[in-house]
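*Asks:* Per the UniProt record's numbering, residue 1 is the first one in the sequence shown, and the count goes up by one each step.
Wrong hints could be hidden among the right ones.
Stated by the list, open to error - Just the calculated beta-carbon pair ranges, DEER-fashion:
no.: 1; residue 1: Gln98; residue 2: Ile394; range: 44 to 54 Å
no.: 2; residue 1: Asn232; residue 2: Phe387; range: 24 to 34 Å
no.: 3; residue 1: Asp109; residue 2: Phe387; range: 49 to 59 Å
no.: 4; residue 1: Leu245; residue 2: Ser128; range: 45 to 55 Å
no.: 5; residue 1: Asp137; residue 2: Trp270; range: 24 to 34 Å
What the hints assert, rightly or not - 25 Å max Cα-Cα, derived DMTMM-like pairs, lysine to aspartate or glutamate:
no.: 6; residue 1: Lys15; residue 2: Asp241
no.: 7; residue 1: Lys5; residue 2: Glu317
no.: 8; residue 1: Lys406; residue 2: Glu274
Don't read these hints as lab results, they were simulated from the structure.
Built from N, CA and C at the ideal position, the CB exists for glycine as well.
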Amino acid sequence: MYLLKIAFRNLFRRKKRTFIISGLLVIAVIIFLLLESFLFGMFDLAFENIIDVSTPHLEIAREELIAETEAGEDIPLEETFYPEEELISEVETLESLQAYTGLLDFSADFIAGRHEFPVLVRSIEPASFGQVFRNEDYLVAGDFIRDSEDDGVVIGDQLARFFDLEVGDFYTLRFQDDAGSLNTLQGEVRGIISTPDPEVNLRTVYIASAQSYLALGIEEDLINRLVIRLDNRHIAADRADELSLAVQNNDFTIQSYEDTNEMLVSAYAWNTIEIYFILGLFLLVGIIGIFTAIVLAAIERVEEIGMMKAMGLKQSEIIKILIYEAAGIGLIGSLIGSFIGLLLLIVFNIYGVSADLIGMADIGIFPIEGGRIHGAINLSSFLLIIFLVIFVSIIASIIPAYWASKKNPAEAIHHK
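Please put together the full structure from these sequences, using the hints given.
*Replies:* This is the structure we're talking about:
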């Protein structure tokens, strides 16, 4: 306790120096907390958006279909299956299940006028589809598909602009049917959606299931994806593992949304590394500042250190005093930075910031167009940054503290 009192007194003998070095640490803490909160908020919005409009929490499909889809090849119709009772029973017993629906996806060329464009056609059962996905919430013109026998298609606003289409305009879909022959399907655009996901807006066409079965020449109720919505995206990976063990069918692959969005997950990992790199740069500046502060403190108090050693203080106790001073600077900087950071995060969490305003929506990998990014408040981040700042402060002080403690008492007392 006596050593702590000495360190505390010395800490405020040079208030300006303490304030400057602590200020650097305060800035580092605030920037780290804000950047990490923004990162969590941005990716949370991105994941929620793709789950709402394109990629479910869980997906069951044949392994060959997933492999060919990932390779960018046309979706093979031979990989369809009937959702058997045993499979549905396992799905319905999943903890935190909200809803599930079957999809029949196939590749086609969308033709309007003289132009054509490759698209993914997604055949849906409207009643169950609306319980898993929220695409209808993004309708900007016309009607969404409400019955399995409805005519027409729903397209994204980017595809509509590409072809200069409006609701009621005619289209043609050209595709390969189950027999391997080229076939076409014609009709009117019944609806246009504008979602946060650019892939949906440009490359996805929604059609009622009855039209697809007839045009493709396949039996009703066949699907090539069974998609599942859960209460919480954070448990998706665990539920995928549980379902894989329960199904015990080597023909099927069960994926979570993280498996089907590896690029977004990788981007999250890289952005996390970048944030810690920025934090490291700020802490490096803090290390230099603390190192300098302890060296200057030792030079200014050479006589005082000599007097303390002459009075019986051991070398290790001198080192402890100087380390306590450095730890105090780190504690002050981390606590003030955490407090200011918390206030800013509360405001960020309540009001958020428009993704369009900061330009992130224009980056294709982030499906956050039109959304608001709200900061996340993570207690573990506060504890981590406080620990890191204090730890770095202590490490930075060891060498100058050891140097100062080696002074000979007699020489130190007569030092000029």
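*Asks:* Hints first: check each against the structure and report whether it holds.
*Replies:* Hints, one by one, checked against the model:
{"no.": "1", "hint": "Gln98 x Ile394: 44 to 54 Å", "result": "49 Å, holds"}
{"no.": "2", "hint": "Asn232 x Phe387: 24 to 34 Å", "result": "29 Å, holds"}
{"no.": "3", "hint": "Asp109 x Phe387: 49 to 59 Å", "result": "57 Å, holds"}
{"no.": "4", "hint": "Leu245 x Ser128: 45 to 55 Å", "result": "25 Å, violated"}
{"no.": "5", "hint": "Asp137 x Trp270: 24 to 34 Å", "result": "31 Å, holds"}
{"no.": "6", "hint": "Lys15 x Asp241", "result": "57 Å, violated"}
{"no.": "7", "hint": "Lys5 x Glu317", "result": "13 Å, holds"}
{"no.": "8", "hint": "Lys406 x Glu274", "result": "40 Å, violated"}
Of the numbered hints given earlier, the model fails hints 4, 6 and 8; all others are met.
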